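Colleague: One letter stands for each residue in the lines below.
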Amino acid sequence: MRNRVGIVGFGQTHHRSKNTDCKGQELISIAVKRALESAGLTISDIDAVVIGNMDHFESINYVDMWSIDGSGGFMKPIMKVTTGGTTGSAIGHAGFYHIASGLFDTVLAIGWEQNSESDTTAAISTCFDPITEREFCGGAIGPLAAQYTAYMSKYGATEEDAAIVSVRDHKNAAMYNPYAHLRQTMTVDQVMKSQYISYPIKLLDICPRTDGAAAVIFATEERARKIAERPAWVLGVGDCHILVHVADGIGLANLPSLERAAHEAYEMAGVTDPFEQLDVAELYIPASTAGVTWMEALGLCEEGGGPRLIRSGVTEMGGELPINPSGGVLATNPIGATGLLRIGEAALQVMGRAEDKQVEGAEVAVATGFGGCFWSDVTVISSRPQLD
Amino acid sequence: MEKDRKDAGAISITAMADMPYYYHVGFYYSRFLRELRDSKRIVGVKCPECEKVYVPPRIVCRDCFVTMEEFLPVSSEGTLLAYTVTNFSYTDTTKGEPKKIPYTAAYIKLDGSDSNIVHCLDETDETRIKAGMRVRAVFSGDRTGDYFHDIDHFEIIEH
Ligand SMILES: [Zn+2]
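Keeping their order, the protein sequence lines are chains A and B.
293 is the number of the first residue of the first sequence in this note's numbering; add one for each residue after it.
-14 is the number of the first residue of the second sequence in this note's numbering; add one for each residue after it.
Please keep in mind that the hints were generated in silico from the structure rather than gathered at the bench.
These figures come from a predicted structure and were not determined experimentally.
What you were told as hints is all true, and nothing was included just to trick you.
Label-pair ranges, simulated between beta-carbon atoms:
1. B/Asp(-11) x A/Ser351: 16 to 26 Å
2. B/Glu62 x A/Ser393: 51 to 61 Å
3. A/Phe567 x B/Cys49: 30 to 40 Å
4. A/Arg676 x B/Ile(-2): 42 to 52 Å
For each residue, glycine too, the CB sits at the ideal point set by N, CA and C.
Using the sequences and the hints, build the whole thing.
Modeller: What follows is the structure, given as structure tokens:
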């Protein structure tokens, strides 16, 4: 039997394209201090630390140890988690596991990246098999772009459907999120006229690479109720690594790993009708195209129904199910932190602490993580300790 | 609350270490690459339980987790499932040089295979490519045991 797990604190840096005046540990310390401050805790309240990034972006391969001067993990147990694109969401899940197991009372989960320190696409390309795949898998963008050609061909979706997602997420970042990296609004026409980076993905369809850090504090039910007036309860987690070779994933128009992870998280949380029960979603959408193709895997529409869902306006702020009030990954992408930002932002929503980006009355939120070889994480978070 | 710092005098240093890797291709890929090099044949391996054929060959079936030992040739023709015309350059981590662009990544299911492969297509005009097209492998004349060299590219089969 697992213990109930609450989120009681969240902190993040002001994200930028290039933090030349900040070393990794300094960046981490800012997010950690803000998380502790948001919970009213000090580092001595923390029993264990989970931390991660994608090693090859900075060539720091023992980040658990290396980060101590920023994480506050001195003389504490530290678990390093690095699972590619899902690093941040897996860090959050590992924080959940620490508390749910009953072994720890208060755990600090940290994700960070200084993406400007290396060639992001080259580094991501090392995720692919060097003998049979790496040569033509252009980082994270290539496979996502290819997936959309399969989806367009199968369901008749268009590049303009994707552009609407880009406009939505960028608008939210610009209007509501002071921490976001890119804060400019754009029109569908501007997205459509931006140059092809990797057909059918254009410059304004794709996430940036960002320097930034995020930290989330998890606690047992007893501790959470003492720390926070209104904790965010983690009701369900799902994690699915499904495909061995990336080519097998891209051949599919859909994302079976997300479907499976969502199924597991929803089942654990008691979500039976996601569109009705969820109030807000913070989704790892690294390219606008994914904001169309993956909606069905989350149970938000029928198969092939992504374009209709996006065009209906229900995912905009003020709609029935706003997606990415923070602006999401298209606006901010410090890769090792990106998935944890989704969990932190989802927690803020149900805690009623999302400020300008608050979805009114939000009680149940979903957060996701995605990795470039097409694996997925899903987290369900609520202000209620259990759903009826 | 602590401010994110801005320091006009901040220093950055550059690390340009040459750090090569020597990958052991292994039993399954070695067989795959030898067949390509010596016989222009693309081989896969079949699961004894579910009978799925995997290309490139590998040790265990991902569904059944049994060791696969039956190698068999598959067709050098197949169906294009997905593609992208890549227009941005990045460091080619195999060669250590900027990647030559544009190139068209092609995700293909070969006839006789239940898994997919990735290679390139000799067409970079996206208006002339469609998912579902039939494609065939074009082999190099001087083959060396390198998948991306020995199959030079895939071409669209014109009707
Ligand atoms: Zn099998």
